[in-house]
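A.B. asks: Here is what each chain is made of, one letter per residue.
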Amino acid sequence: MCRTMSINLSKRILTALSNGPTRRNLFGPVDREQLQLEYQDSLRKDLEDASRRWGFDFLTETPLEGGDFQWEGISGTKVPALYRSCMVGAVEVLRPRGASGLGSAAAQSGKENIPRTPNRDSLKPQSLEKTPEKTQSNNQSNKLKRKQTNITDFYQAKRRVVATPRKSGQ
Amino acid sequence: MELLCLEMDTVIRARPDPNLLYDERVLQSLLTIEERFLPQCSYFKCVQKDIQPFMRRMVATWMLEVCEEQKCEEEVFPLAMNYLDRFLAVVPTRKCNLQLLGAVCMFLASKLKETRPLTAEKLCIYTDNSIKPQELLEWELVVLGKLKWNLAAVTPNDFIEHIMRKLPLPKEKLALIRKHVQTFIALCATDFNFAMYPPSMIATGSFGAAICGLQLDNGDQSLWGDNLTDLLAKITNTEVDCLKACQEQIERVLVSSLREGRRQQQQQQQEQAGPRSKALDELDQSSTPTDVRDIDL
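Which chain is which? The protein sequence lines are F and Z, in order.
Under the UniProt record's numbering, the first sequence has 155 at position 155, and the numbering climbs by one with no breaks.
Under the UniProt record's numbering, the second sequence has 200 at position 200, and the numbering climbs by one with no breaks.
These aren't lab readings, by the way, just hints derived from the structure by calculation.
The structure displayed is predicted, hence computed values, not measured ones.
Incorrect hints may appear among the rest.
[To be verified] Reference excerpt, derived from the structure (chain Z facing chain F, CB under 8 angstroms, subset only):
#: 1; residue: Thr32
#: 2; residue: Trp62
#: 3; residue: Tyr126
Beta carbons are placed, not taken as given, at the ideal position from N, Cα and C, and that holds for glycine.
Just chain F, same shape as in the assembly (with noise of 0.2 angstroms):
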């Protein structure tokens, strides 16, 4: 009883504001030379607006003279793999072939930018293997690796400590 009610009324109101289908265009046609301009226009004022907040050129990876900050470059090793300028290029190149799998995926449901498994028939382990997640963290996945704690350096840090009252009794 209740949820027909209230489906009534916003039914009702949804119809009386509505006219005929939903798929349909407001206001007539885009003119799409001014829309592209006015999009680079704006993109470029963005850039700007930036480049003045941050006293940085963001086109020439220079700072500007008398900004607010003091900017001092590092090495790319130092920064995580996610802010490195190469990775986007990397991406790009590794992209199609997990892309494609996943575009379909994704345009089956009719939803994207959503992670999925990816159907077990149209990805092959190979391909798998290669997403590009892993090919780029490698080199820094076994820097971590070195670096990492093993469950075994745990088991004998306890037989140590273990051990330790014993022989103190002893």
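Take the given structure of chain F and dock chain Z to it, following the hints.
C.D. replies: Chain Z alone, transformed into the frame defined by chain F:
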């Protein structure tokens, strides 16, 4: 024993979090920050030259229809309208780009609020392919820049549960009241007169209109007319007079949009049936309700 892996196509949602909903500090924080996300000016007067209030209503109605048809989460539409108003308050826009802007705002709001957001392709189809997905993605960046990437705006919907738990409402009516309040909030978002109101006021006014409209105020004395307004005003620290005015405004908009809908329907029927049914229509029109209490909600 069998091991089953079930991947269903249903939307998985979190349970209501009592830590968020039953903590007074959350409500107070919402009230403190809500003003930050209001459009900076009444833009039809000071920014826009090409577009007019009725065009905002057109694009808003279209957006509401798309959200309903796609079964978006309730807050997607009001949030998208918040983006649209904030953008229009700073960027003079031509009317032929208004639908593109509306689509971009839905795209962003849906991505922020939904586990399965609307796709660019789908939104373009809803514009009858008058825009291309590429253009939508480009303008997404433009809009994001103008909104300064501040997307987590406070909407009237954020207040619903906080207000609801402080009202002495019968448990079995909660779902119905919530639905009506959501509907009123959406209705307010289609009307520019509400664009500059704080979200908490729209939420409180919608509660007033819903409870009054559903005539739930027969039983509990604290839900009678002025008592209800006082109670609601206290919950969100709103001035009683402002709240009353807001609630009356919501009721007027409701009545007039239902009346407008009726008129359109009759027009269509008339076109189909020819001149003979005219007398009947006039009879019908006189029975159109003028008070929210007369409407059989």
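A.B. asks: Hint by hint, say whether it matches the structure.
C.D. replies: Hints versus structure:
no.	hint	in the structure
1	Thr32	violated, 26 angstroms
2	Trp62	holds, 6 angstroms
3	Tyr126	holds, 5 angstroms
Comparing the model with each numbered hint stated earlier shows that hint 1 is the single one that does not hold.
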